[in-house]
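Please arrange chain B on chain A, whose structure you already have, making use of the hints.
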Amino acid sequence: MISYGYHRYPGRLFVVEGTDGSGKSTQLGLLYQWLKAEGYPVFFSEWNSSPLVKDTTRRAKKRRLFTPTTFSLLHATDFADRTERNIIPPLKAGAIVLADRYIYTAFARDVARGCDRAWVREIYKFAVKPTVAFFFRAPLDVAIDRIAAARPSLKYYEAGMDMEWSDDEEDSFKIFQGKILDEYDHMVHEFGLTQIDATQSIRTQQRQMREIVGRYLKEKLKEKVVLPK
Amino acid sequence: MKEMKFYGTALPALEIEPYSGKLIVIEGTDGVGRSTHVALLRTSLESAGHAVLDTGMTRSVLAGRGIKNARAGNTLGSLTLQLYYATDFADRLEKEMLPALRAGFVVLTDRYIYSAIARAVVRGADPAWIRAIYGMAVVPDAVFYLRLRSTQELAARVLASGHGFDYWESGMDLRLGTDYYDSFVAYQKLLLREFDRMSGEYGFRVIDAARPIRRVAGELLRAVKTVIGDEPAGQDGNVSPAISAASADAKKALPTTPTPQRPQEP
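Taken in order, these protein sequences are the chains called A and B.
Going left to right, the first sequence walks through residues 1 to 229 as my numbering numbers them.
Going left to right, the second sequence walks through residues 1001 to 1266 as my numbering numbers them.
Careful, some of the hints might be misleading.
Taking lysine-lysine pairs in the DSS-like style, the calculated list, with each CA pair at most 30 Å apart, reads [to be verified]:
hint, chain 1, residue 1, chain 2, residue 2
1, A, 61, B, 1068
2, A, 174, B, 1068
3, A, 179, A, 155
4, A, 125, A, 54
These are calculated hints, taken from the structure and not from any lab test.
None of the values given here were measured: they were computed from a predicted structure.
The following block holds chain B by itself, in its conformation from the complex:
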């Protein structure tokens, strides 16, 4: 059991109580392979007997659809988008992540507040303002930052995924380049700089994502298992195996929010 800690002002009317779950964040820029790794982790953790909830940006019941519709049009302003993301985050935090953590789940989240902060800051938002809004966020048990410095490589991976370039992931709203490729490269460079700035501030554990998927996945799984106490990891690696036992009951306590099977790129 662990005391819940928040980055800033906690949510109103929230009972701050110890929780037995683990909040694991997978962060990184677009195309770095976050959703692939979240899916692999989920499978591995579930086969080891852990109840897993996976979530990610724009998947909330409240605001997910609204954000998708707003992004499909051509009238969405930057401040509006940032606050829409914050609404989506708050809904998932209150309705999915916190209940799951209390119930002893391993919560895997594809992106957390850091992507939202980076996207807002590169669009000219006041860094203190966006951080204050996300003060409602729980401090995670670990943040794994999948880092790949080469924006050309990121672009290649986006293409290889078969989806092609997305307007927002390419930062087309910022008019950084004349076409999707140039814009994507310039935009991801800006994001990488913001992530590097946040790395120390938020204690990211940096994973070199330039390596083959299998190696990255191996390192990630070992690291996650250490965090949740599955493997002996020195002096404080003897956390309860009760997590997995508790999780069967815990499933009933969870709200019946549908979790999309295929992680979507926000």
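Chain A with its partners taken away, still in its complex shape:
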């Protein structure tokens, strides 16, 4: 089993991380457009996207079957499928893979739910180390305002209601997001995450992101894979 830091592929892997409402998906979408326009072969990979696990996750959320441990393990299963199916093969072929949320999401959420830090990190040891992992950092109140504006109601696990920190959904969500943000802050140093100030304008953030990504691109990557337009 090849583990984190030891995978060697010709492609590039860029991931975005951050709390809900940090604007990371918007940024990744813009990066995708740019890379495609530049002529690079780009692959997109999202959190919770495994066709083999999706139904199980949906059913478990609906019926509230999860504990922190099974929540963690089922998401790891989903991520394993994503790695085996959508991440390693395109990287081997020399493509650029963009991932919306990566292992750091699991580290932040699962530890916030009480799972052991070392145990969760061990589970994801099979993951490919990203070329760059961006962490879009928004202060808690900013992120919460953005979420409140975008979504009429929070889902049970999303709000961390399973942890019984509070009977109030909004309070629970705030507590949960606060814990998640603490975990991200710890990981900036631990995993060398590239922090982007998510309170800046969207264009400024995108400019910074493109500047950093540009350092890892070579003309040769364009010739590696030809994807249908």
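Chain B only, in chain A's frame:
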């Protein structure tokens, strides 16, 4: 009452408290007769007045169906399968086995973490990685390893069971042979080697499963009864008969998870 012990990091938010039940594991390769023996044991123990919960791989409410569907297709990767098994195990541990142990049940499990570890390792997983994941497992009161060295005999037993060869039990994903039989034989050899390696590490009690069912069942029942303290077994064989008395109340405390009557081969 016994202190709960874990192989590694215990489950989060778990109150580690003494428990009065017994966790008995029946392990062994495919075709060795585990499910037959679990069924026989269950009947014997229940007629002796013990409340029994039996469980086995891929039977969890959470992940059982997902695993079956994933195995029915042709896109399931090895890491994904190993983590799916771990999810299934965790769900059964938290929702079935631990509550039953606390309530004084005899928990009979057809396979435990050892099969999962063996399957992962023969598929190239890092042995330390898979063990760390299963660090959440409770150390059982006894692990009975039904051992049969002849893979030809195992294959014959699988055929005799009437189900024929299964894709995963034959290790067809590993491409060890050109047909199910060759693959099964080669795959079970690899598994046997892993089980033998784990035998000392995890303190397996080896039961020679090459003998007729009746003899194996007899030895197994005597050994299990000693573990749960039903029969005088020297100095420490005087454990409480209260287990069976407690179990009537205990049944109410159990979650209403349906346990399939016919043990399935995972």
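Do the hints match the structure? See the list:
| no. | hint | verdict |
| --- | --- | --- |
| 1 | 61/A <-> 1068/B | holds (19 Å) |
| 2 | 174/A <-> 1068/B | violated (38 Å) |
| 3 | 179/A <-> 155/A | holds (18 Å) |
| 4 | 125/A <-> 54/A | holds (22 Å) |
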